[in-house]
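Number of protein chains: 2
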Amino acid sequence: MNRQSGVDIDLGNRCSSNAYNWARKTFINRQQKPGQLLQGLDGAFSNVMQFNDVRLGISSDGIGTKIELAERTGIYHTLGHDLVAMTADDLAANGFEPTSLSNILDVDILDYEIVDQLMQGLHAAAGLAGLAVTGGEIAELGSRIGGYGSRMHFNWCSTALGYLPDRLVKPVDGSLIREGDMIISLASRGFRSNGFSLVRRIMTDNFGPDWHLVLYDNARTWGEVLLTPSLIYCTLINTLLTQELNLHGIVHITGGGIPDNLARVLKQSGWGAVIDKPCPALAFMLQVQTMGRIADQQAYRLWNMGNGML
Amino acid sequence: MNRQSGVDIDLGNRCSSNAYNWARKTFINRQQKPGQLLQGLDGAFSNVMQFNDVRLGISSDGIGTKIELAERTGIYHTLGHDLVAMTADDLAANGFEPTSLSNILDVDILDYEIVDQLMQGLHAAAGLAGLAVTGGEIAELGSRIGGYGSRMHFNWCSTALGYLPDRLVKPVDGSLIREGDMIISLASRGFRSNGFSLVRRIMTDNFGPDWHLVLYDNARTWGEVLLTPSLIYCTLINTLLTQELNLHGIVHITGGGIPDNLARVLKQSGWGAVIDKPCPALAFMLQVQTMGRIADQQAYRLWNMGNGML
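Those protein sequences? They're chains A and B, same order as listed. Okay, so the first sequence: first residue is 1 according to our numbering, each after it adds one. Okay, so the second sequence: first residue is 1 according to our numbering, each after it adds one.
These are computed hints drawn from the structure, not numbers from a lab.
Intra- or inter-copy, both count: the list cannot distinguish identical chains.
Computed cross-link-like contacts, SDA-like style, restricted to lysine to any residue with a CA-CA straight-line distance of at most 20 angstroms: (1) 33 with 123; (2) 25 with 136; (3) 267 with 13; (4) 25 with 235; (5) 170 with 36; (6) 170 with 52; (7) 267 with 181.
In this text, all values refer to a predicted model and were calculated from it rather than measured experimentally.
With these hints in hand, go ahead and build the complete structure from the sequences.
Shown next as structure tokens:
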């Protein structure tokens, strides 16, 4: 239990395992049919769907409570970058090239201007990621949706689809990692879309309920700094893979941070890793960590601390 | 503006158009690449993605405020049928065979038992639809999610993927409809996942805040009757298509009812239609309509009135 953020991580893991166990029992529904799930060398199912000679991956995620930053600052056009980053970069981390994204926007009451800014941002982010927005749904759910302030409140999630290039025998899963491999870190420029429950609690404790208005430096408020949109790495990753650079493992640093996400990829080969020169944490991240009196070990599990992809 | 339900349909349409216009500008991102969007004979983009010789469709939707029925009755294992029906049957209505579904469950605070019942229901519904649950995400969003009662509140949506069988030259879109074609209606057994804002308002006006506890007949409460899960038609539709039965148009009756959804399909050919023997509306639907003093014309736009697919 992470008491500071109010999120019970163990319960979350148990619920996710439950959902996966029920889902796994449905894989047989596509056995020997288009869309069948491929099995890895170890017999376990991978997240690869096969249609004739086409191998596809799918990834679903939302941008969580980072949305409150947009509600606080009134800046809505950057969230599309966070939305695309969460799913497209998850696909890229397995070697898939993201091609298509479908999004679902749940709102309490519609506000045309806000929807326009969100979709404009999604359009821009889709361009950076090189994918097409091929589907979408906007649902008005009234009091089932809450948030900050008096304008439209919403939750936003997406499902991205990607294909595995022919030159990859299988998804990039870390199993090819071997002694002497080098880890390259891609710098992030802020928080992605995870760990915001605790960030918001720290900010409230330190600056009071209107913390987003407090100046961070001469140019920006804390609200603006924390809203900094996610960098999207998938086009770089996919270009590297196309250049026949053999990446043995790719780690997208989201919830769980470097320790959990790197460990999952390293587990495939059994090797360990030394990170002697990580990208430095951004100054405002360190300030949040200090204000919250969060130990380094915990901070690197909660946030990316300046490293977006390994 | 539908004042009775509090939902502004015109604003909803404008926001959806806005989102589609931004999305359309992203189609160029996949031009001449895997996942490119196919153009129809009229030059407009269809919802078909092409990967080599594989043609895929994608559909996203949620189950809206029908979830409140589960919160009121404490019955959670049937909602999976509604979730699958909304997206899988939308794909089937275009001739796609649904293969894979990814779901996103947004909750305020997790309840393991409820998650288990939801996922058990999704597993059962996936079996009926013949698809695999290939992805999922559970997000804890605290006060961004609201609902009825004191247990876990949630919103649930899914994105389904399907492929177009080789024997179909293009998706079933109504363009082949010609004079003399016959419409066959597939009966529904209740409300699907649309029009519930007004249903709930009518129930509250007539029976007070605890309307779900009021007996509908000797065996069931109103809460249980309104929760009746959606029938899933996609396996039947896909079997008919495989049997080389030439369906010229398929209409999934969701929001907009028979008039709007049938009109969209008929528009492709320019023909009209006479429906002289629709499936009869279910008794409890008629009772809701009477209690709400809803004219027939409006009722058939809001709800399926006993006809799930045409």
